[in-house]
Amino acid sequence: MSEQIRYNRQIPCSLKVCRRLFGVADQQQVRRDCDALMASYLQEARKRWNFDFATETPLEGNYVWERVPSLGLPKIYKSTACWATPINLGGGKPPSAGASSAVAIPGTSQGAQASGSGTGRSEPLEEPEVAPAVPLPRGRKRGQTSMTDFYYSKRRLVFSKKKP
Amino acid sequence: MELLCCEVDPVRRAVPDPNLLYDDRILQNLLTIEERYLPQCSYFKCVQKDIQPYMRRMVATWMLEVCEEQKCEEEVFPLAMNYLDRFLAGVPTPKSHLQLLGAVCMFLASKLKETIPLTAEKLCIYTDNSIKPQELLEWELVVLGKLKWNLAAVTPHDFIEHILRKLPQPGEKLPLIRKHAQTFIALCATDFKFAMYPPSMIATGSVGAAVCGLQQDEDVSSLTRDALTDLLAKITNTDVDCLKACQEQIEAVLLNSLQQFRQDQRDGAKSEDELDQASTPTDVRDIDL
Chain A
1 MSEQIRYNRQ
11 IPCSLKVCRR
21 LFGVADQQQV
31 RRDCDALMAS
41 YLQEARKRWN
51 FDFATETPLE
61 GNYVWERVPS
71 LGLPKIYKST
81 ACWATPINLG
91 GGKPPSAGAS
101 SAVAIPGTSQ
111 GAQASGSGTG
121 RSEPLEEPEV
131 APAVPLPRGR
141 KRGQTSMTDF
151 YYSKRRLVFS
161 KKKP
Chain B
1 MELLCCEVDP
11 VRRAVPDPNL
21 LYDDRILQNL
31 LTIEERYLPQ
41 CSYFKCVQKD
51 IQPYMRRMVA
61 TWMLEVCEEQ
71 KCEEEVFPLA
81 MNYLDRFLAG
91 VPTPKSHLQL
101 LGAVCMFLAS
111 KLKETIPLTA
121 EKLCIYTDNS
131 IKPQELLEWE
141 LVVLGKLKWN
151 LAAVTPHDFI
161 EHILRKLPQP
171 GEKLPLIRKH
181 AQTFIALCAT
191 DFKFAMYPPS
201 MIATGSVGAA
211 VCGLQQDEDV
221 SSLTRDALTD
231 LLAKITNTDV
241 DCLKACQEQI
251 EAVLLNSLQQ
261 FRQDQRDGAK
271 SEDELDQAST
281 PTDVRDIDL
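Protein sequence lines, in the order shown, are assigned to chains A and B.
With the first letter of the first sequence counted as 1, position 77 gets the number 77 in UniProt numbering; the numbers rise by one all the way through.
With the first letter of the second sequence counted as 1, position 201 gets the number 201 in UniProt numbering; the numbers rise by one all the way through.
Chain A extracted, bound-state conformation (with noise of 0.2 Å):
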């Protein structure tokens, strides 16, 4: 097949191979079966990486999550006025906006906070169980994927934080 011309994709979908198989599927039962698994896939990802993606909040494990002040991050991860329009991954609802400047990464220890404070614009640190941890930066798509970035759409809150 590949050896042949390929006319742009602009081919035609013959009627003989248009056919549904196994008759049409519950929609319902279709959405239900979606949230199910990517609901396992983010308790998953909750276990493994002592993080609950779902509210952005840190848990007890064997990963210390702290803020990073965006001050040390490429550019693509700073800036939010690019991507103007939230990506919709389809994961039904759009994310929600919440402009940010930081993200959170997980650490080993408390210690490399400092590296970022010691910079002058220090971000003011909250408390991580209370508040959710920074979001990750809109513009996810643009840099390299992660398997987490897409819990984040596909889960996020709305957050009534406001980045200073």
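In short, the hints are calculated from the structure, not lab data.
No false leads were slipped in.
Going by beta-carbon spacing under 7 Å, a handful of chain B positions derived as facing chain A:
1) Gln70
2) Ser96
3) His97
4) Glu135
Just so it is clear, CB atoms sit at the ideal spot from N, CA and C, and this is done for glycine as well.
Fit chain B to the known structure of chain A by using the hints.
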């Protein structure tokens, strides 16, 4: 590969890279990592309750027809089947979701392998609009999550050039051997028997079946069947007996498929819509056994 056709072909295709195709380290690496992308279990026995093997064949045949009609790259279909099998090995799925899943797998494989990928809308049309683009996009994430975003699976196609260049076949015969081997690989992907076989074995068996099939018409038989199998087994470090069995299975499936095709053709001739029969699921018509 017809290099000159790029003047009319809107698809940009890289030239074959000798650094990738003629280096044994690449072959060894492929052999090392291929097992990682096999489905974890024979899922009809241990995972699926609703889905039967014949349903997999139905959805696979449909997927192959879509890929052929849309002139997808050869790897798209086997890769999509790899995603499907890996997903089904982990998630009990009702049969009513199977076509949606097949469409999602083609969507992903096409995006990974093609410069002009299949669109969600087009795939939905192929399901006779039994699914919606939005559902396709949502399930894309579901499948990606289950596959842990490991999409760059090794397929039998990855081995073809490595095998072909080590065969003592005259160069002018290679395109035909390649074409037949590719057809056999697609055929294997439609049959669950082969789903747990390492891609290298399917590739080796397919090349073996292709060479043997083509040699039958000729007086000059450069290699006996056994000598060929030994040689092929060495190239991909496959056990000789396994390889023999695999090649025989491929030949049996091919025979079966040809008979099925002739049957369909007779049936098609009776019911007047024989014109459409031109688009068979596989290209096996022009293979002489």
